[in-house]
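Read top to bottom, the protein sequences are chains A and B. At the far end of the first sequence sits residue 590, using this note's numbering, and the numbering has no gaps. At the far end of the second sequence sits residue 313, using this note's numbering, and the numbering has no gaps.
In short, the hints are calculated from the structure, not lab data. Check before you lean on any hint, since a few could be wrong.
[Unchecked claim] With a cut-off of at most 35 Å between alpha-carbon atoms, the simulated DSBU-like pairs for lysine-lysine come out as follows:
| id | chain 1 | residue 1 | chain 2 | residue 2 |
| --- | --- | --- | --- | --- |
| 1 | B | K57 | A | K298 |
| 2 | B | K169 | A | K305 |
| 3 | B | K82 | A | K106 |
| 4 | B | K82 | A | K298 |
| 5 | B | K118 | A | K542 |
| 6 | A | K542 | B | K218 |
| 7 | A | K178 | B | K289 |
| 8 | B | K57 | A | K401 |
[Claimed, not checked] Over 12 Å on every C-beta distance to chain B, these chain A residues come out as not near it, computed from the model:
| id | residue |
| --- | --- |
| 9 | A144 |
| 10 | E162 |
| 11 | K542 |
| 12 | C569 |
[What the hints assert, rightly or not] Residues on chain B that point at chain A, a partial pick, calculated with CB under 10 Å:
| id | residue |
| --- | --- |
| 13 | L204 |
| 14 | S207 |
| 15 | A208 |
| 16 | I258 |
| 17 | K259 |
| 18 | S260 |
Built from N, CA and C at the ideal position, the CB exists for glycine as well.
Chain by chain, the residues run as shown.
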Amino acid sequence: MKFKRITALLMTTLLSVSLLAGCGDKGGNEGTTTDTADTSTTDTASDSAADTTETTEGGDDSASDKEYAADEIIDFTFFGAMPNPEINDGNEIQEIIAKKTGVRVKETWLTGQTASEAVGTIIASGEYPDFIDGGDACTQLYDADALVAWDEYIEKYPNIKELYSDEEWDRFRQDDGKIYWCNVFQNSYGENRSTTHNDEAFWIQVKVLEWGGYPEIHTLDQYYDLLERYAAENPTLEDGTPVIPYTMLCEDWRYFCIENAPQFLDGYPNDGSVIVDTDNMKIVDYNTTETAQKYFRKLNEEYNKGIIDVEFATQTYDEYIAKLSTGSVLGMCDQWWDFAFTVNDVFKQTGLDKKGCNYVPLGLTIEEGMDNMWHTYGDTQNIASGLAITTSCEDVEAAFKFVNDLLDQEIHDLRFWGVEGTDYLVDENGLYYRTEEMRMQASDTEYKASHLCAYSYFPQWLGTSKDGINAMQTSEQTSEFFAGLAEPLVKCFEAYGAENYPDMIGSVNKEMGPWFPMYSYSNNLTTETAGGVAWTKMGEVKHEWLPKIVMASDFDSAWDSYMSAYEACNPQDFLAEMQEELDRRVAAAQ
Amino acid sequence: MSRKTNKARVGAAINKKDVKRQRVLLIWAALFVIYGIIFYYIPLGGWIMAFQNYKPKTGLLHSTFVGLGKFKFLFSDQTFLKVIRNTLAMGVLNLVSTFFMAILFAILLNEIRSAFGKKSVQTISYLPHFLSWIIVTGILHDALSTTGIINELLVNLHIIDTPISFFSKPGLFWPIVAFANVWKETGWNAIIYLAAITSIDPCLYESASIDGAGRWAKIKYITLPGIRPTIMILLLMNIGNVLNAGFEVQYLLGNGLIKSVSDTIDIYVLTWGISQSDYSLGTAAGIFKSVVAIILIVIANYIARRTGEERLF
Numbered sequence: 001m002k003f004k005r006i007t008a009l010l011m012t013t014l015l016s017v018s019l020l021a022g023c024g025d026k027g028g029n030e031g032t033t034t035d036t037a038d039t040s041t042t043d044t045a046s047d048s049a050a051d052t053t054e055t056t057e058g059g060d061d062s063a064s065d066k067e068y069a070a071d072e073i074i075d076f077t078f079f080g081a082m083p084n085p086e087i088n089d090g091n092e093i094q095e096i097i098a099k100k101t102g103v104r105v106k107e108t109w110l111t112g113q114t115a116s117e118a119v120g121t122i123i124a125s126g127e128y129p130d131f132i133d134g135g136d137a138c139t140q141l142y143d144a145d146a147l148v149a150w151d152e153y154i155e156k157y158p159n160i161k162e163l164y165s166d167e168e169w170d171r172f173r174q175d176d177g178k179i180y181w182c183n184v185f186q187n188s189y190g191e192n193r194s195t196t197h198n199d200e201a202f203w204i205q206v207k208v209l210e211w212g213g214y215p216e217i218h219t220l221d222q223y224y225d226l227l228e229r230y231a232a233e234n235p236t237l238e239d240g241t242p243v244i245p246y247t248m249l250c251e252d253w254r255y256f257c258i259e260n261a262p263q264f265l266d267g268y269p270n271d272g273s274v275i276v277d278t279d280n281m282k283i284v285d286y287n288t289t290e291t292a293q294k295y296f297r298k299l300n301e302e303y304n305k306g307i308i309d310v311e312f313a314t315q316t317y318d319e320y321i322a323k324l325s326t327g328s329v330l331g332m333c334d335q336w337w338d339f340a341f342t343v344n345d346v347f348k349q350t351g352l353d354k355k356g357c358n359y360v361p362l363g364l365t366i367e368e369g370m371d372n373m374w375h376t377y378g379d380t381q382n383i384a385s386g387l388a389i390t391t392s393c394e395d396v397e398a399a400f401k402f403v404n405d406l407l408d409q410e411i412h413d414l415r416f417w418g419v420e421g422t423d424y425l426v427d428e429n430g431l432y433y434r435t436e437e438m439r440m441q442a443s444d445t446e447y448k449a450s451h452l453c454a455y456s457y458f459p460q461w462l463g464t465s466k467d468g469i470n471a472m473q474t475s476e477q478t479s480e481f482f483a484g485l486a487e488p489l490v491k492c493f494e495a496y497g498a499e500n501y502p503d504m505i506g507s508v509n510k511e512m513g514p515w516f517p518m519y520s521y522s523n524n525l526t527t528e529t530a531g532g533v534a535w536t537k538m539g540e541v542k543h544e545w546l547p548k549i550v551m552a553s554d555f556d557s558a559w560d561s562y563m564s565a566y567e568a569c570n571p572q573d574f575l576a577e578m579q580e581e582l583d584r585r586v587a588a589a590q
Numbered sequence: 001m002s003r004k005t006n007k008a009r010v011g012a013a014i015n016k017k018d019v020k021r022q023r024v025l026l027i028w029a030a031l032f033v034i035y036g037i038i039f040y041y042i043p044l045g046g047w048i049m050a051f052q053n054y055k056p057k058t059g060l061l062h063s064t065f066v067g068l069g070k071f072k073f074l075f076s077d078q079t080f081l082k083v084i085r086n087t088l089a090m091g092v093l094n095l096v097s098t099f100f101m102a103i104l105f106a107i108l109l110n111e112i113r114s115a116f117g118k119k120s121v122q123t124i125s126y127l128p129h130f131l132s133w134i135i136v137t138g139i140l141h142d143a144l145s146t147t148g149i150i151n152e153l154l155v156n157l158h159i160i161d162t163p164i165s166f167f168s169k170p171g172l173f174w175p176i177v178a179f180a181n182v183w184k185e186t187g188w189n190a191i192i193y194l195a196a197i198t199s200i201d202p203c204l205y206e207s208a209s210i211d212g213a214g215r216w217a218k219i220k221y222i223t224l225p226g227i228r229p230t231i232m233i234l235l236l237m238n239i240g241n242v243l244n245a246g247f248e249v250q251y252l253l254g255n256g257l258i259k260s261v262s263d264t265i266d267i268y269v270l271t272w273g274i275s276q277s278d279y280s281l282g283t284a285a286g287i288f289k290s291v292v293a294i295i296l297i298v299i300a301n302y303i304a305r306r307t308g309e310e311r312l313f
């Protein structure tokens, strides 16, 4: 008996020890797997990879002369309150950057929750990652005293300071007069090189336009008419998948896809939550305008005709992207960044781009002959969110130094171009270019996870590189843009006399007022104020009613019920606060 | 009878000898009491948030006191009233359906003669219990989508002409949730009834057979009365859980269109408490839920006592 017990005890000890050892092993294994991954890519890229090592070691003329040893590298964590693909541990470029800067950042992203839920949970726990981009919930972090002020570090680090002018930096100041985050997007160095329409639009597949003989499409009626006619004649794809003429996303915050089109249809720019009537500087609610009613009536009509996807109201973002990726969706209303990066890569990998599945934007308005402002020329500074460093970060100095280093041209090239020789080549004029193979490789999910590391939510530049020749980011290199275009897209651009996406949508190039964009204020409203409560409730009502009125059999009565539910939220409280902010911004600019 | 003797013992003075004899038991019991205090009672201190305008910056000690302000906001909010309705409706629906299905299933299973058949059916049927809701909702979402298996089946059998979009019909949401619960929990819940059935004296069945009772009569006069105490206790415990109608299912299956029937109190707490970082409001809603749960369980217990049934306290 006693003997048995002792054996049992021994066994348990052994087991737990082996478990522990198992854990240890795992860590070790990970190391080795990365190593093998390294070698395998080296193999595939054969001699070019050898060149790379030479260039990385030899081309050390910039600030980062020092190469950090493995034990000197600091590991930081980052949480982004937006979904994004995660990269592998031991990602090659991440390691290169770690060696050069002495910092490695493990990025995690939002999964399955909304941004504010995730950030709310983090605040409630009181344990923050070192870096955070709270998306719409940045103010919550500020309110919880979780962020480190940037002010002294901006002065200290030239690359960070260079990001914005003093005036622009000032806009980030919170009510205590300090800067806590810095938006990383839509910020150009030197000449602006934008070739894409990185905004919202009604999108349509090029093959539909080609089929229709490249007609001029300016209104909703013309748009749906073309979709209807095309779908009637081509009800399925080649493989038998039924064509979905039009779909729209209603999930969570992405319901802007159905919600905010009325502002654009009326010819206004993307203020996001309201229209700013520039004639008398008044806030206008785009939810209740005649245009809104017309737009939703049209959607209702098309839904009842079977043109709109029956699943539009219940689909999740993943399902939506999966649908678009099959090439069966002819058109939708969405922001470029919401679908294009994923979907275009899939099209490239599957060859659907050659069949004309790529989307081009159309600048629709409610009446024929109006100016549209779907495209925002130049940079938009969104002060509502950005990268922040939290009070949990133990080495704030190193964190800011890392942000500074990331903006170093050499590191910036690593982030957005990759490794010279492997991901891009340089011609005799210093122009960066990719071979078709490299382009293919860069759109491969597997490769992106194991090799590329853009630190995409850290400060970055658009526009022209400091060498004055190249673009800061691959997507903006004009030569690359044209070389990467599939045949049908090129033909489409030619047919409309367009050079790129912004030409295609043909928005007027009007300078935005100093108040633009108003969403940077409404995004940060909290339920502290009556306007904030109204804004939250309006959101809930619209989430429920917009799909409902589209699906209604009797539009008019559904619209009336929607309007009474909407009025019950006291939207006037919200509008009053927006007006106040608009007046403040206008006054501040003068 | 046994209850009476217990009472008598509790009433009597506890002497040193008793303590010594039950030393180990007392230590174990104390551990659980400590556990309860730490994890159930100390967090209740946080309820104070419901009466403040709590901000993480100022903390519990320095946030402004607003009295019943948060509760007033709650009960004047139409959404909250709807959310209570949804929670109760789904809770009751879930309770009734899973409860009956489990008993029915246990009895049916008990009637299977082949031990192998019985064991395998039982094992297979309780496996879904171990799936997390995220997987179950994933399966449901796929099965019920317009291109899913259910719609294909219905269309191919010519029961319907065009696929039904199940998740855009508010009327179908509660039944879908109830169905999901039944599918997931029936096998698991049946285990306890099966155990109760096993403890019924086989002599009773034998003598009943001799008296000429068939299967039906045996179920009616022996099995059901035999598991009656178990049924009552479980019913009582579950009534206290009615307001825990669920969070994951509704959260994962719901969408904007059917929000007004799918949101439960827990989701409301999440959206206002965590997302809008109005922790006070979230706490107030949570307190309301706990109070209702306590009231429900006390009422149920009282009714059980009045009807002379088994009860919790």
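Comparing the hints with the structure gives:
1. For the suggested pair K57 of chain B and K298 of chain A, the alpha carbons sit about 48 Å apart, so the restraint of at most 35 Å is broken.
2. Between the alpha carbons of K169 of chain B and K305 of chain A the distance comes to roughly 19 Å, so the proposed pair stays at or under 35 Å and holds.
3. Taking the CA atoms of K82 of chain B and K106 of chain A, the gap is about 42 Å. The hint is violated against a cut of 35 Å.
4. At roughly 31 Å between alpha-carbon atoms, K82 of chain B and K298 of chain A fall within 35 Å of each other, so this suggested pair holds.
5. With a C-alpha separation of about 52 Å, the suggested pairing of K118 of chain B with K542 of chain A is violated against the 35 Å cut-off.
6. Taken as a hint, the K542 of chain A and K218 of chain B pair is broken in the structure, with Cα atoms around 58 Å apart against an allowance of 35 Å.
7. Of the supplied pair hints, the one linking K178 of chain A and K289 of chain B is violated, its CA atoms being roughly 41 Å apart against a limit of 35 Å.
8. For the suggested pair K57 of chain B and K401 of chain A, the alpha carbons sit about 28 Å apart, so the restraint of at most 35 Å is met.
9. Remark: the non-interface label on A144 of chain A conflicts with the geometry, its nearest Cβ contact in chain B lying 4 Å away (cut-off 12 Å).
10. Every CB of chain B is more than 12 Å from the CB of E162 of chain A (nearest about 32 Å), matching its label as outside the interface.
11. Not every CB of chain B is more than 12 Å from the CB of K542 of chain A (nearest about 8 Å), against its label as outside the interface.
12. At roughly 10 Å, the least C-beta separation between C569 of chain A and chain B is not larger than 12 Å, which violates its mark as non-interface.
13. Against a cut-off of 10 Å between C-beta atoms, the interface hint on L204 of chain B is violated, since the closest Cβ of chain A lies about 40 Å away.
14. Using the Cβ-Cβ criterion of 10 Å, the hint placing S207 of chain B at the interface with chain A is not satisfied: the shortest such distance is roughly 43 Å.
15. Checking A208 of chain B against chain A: minimum C-beta separation of about 45 Å lies over 10 Å; hint violated.
16. With a cut of 10 Å, the hint placing I258 of chain B at the interface with chain A holds, because the nearest CB-to-CB distance is about 8 Å.
17. The closest approach between the C-beta of K259 of chain B and any C-beta of chain A is roughly 5 Å, which is under the 10 Å cut-off, so the hint is satisfied.
18. Restraint check, S260 of chain B versus chain A: the minimum CB separation of about 6 Å is within 10 Å; hint holds.
Of the numbered hints listed earlier, those contradicted by the structure are 1, 3, 5, 6, 7, 9, 11, 12, 13, 14, 15.
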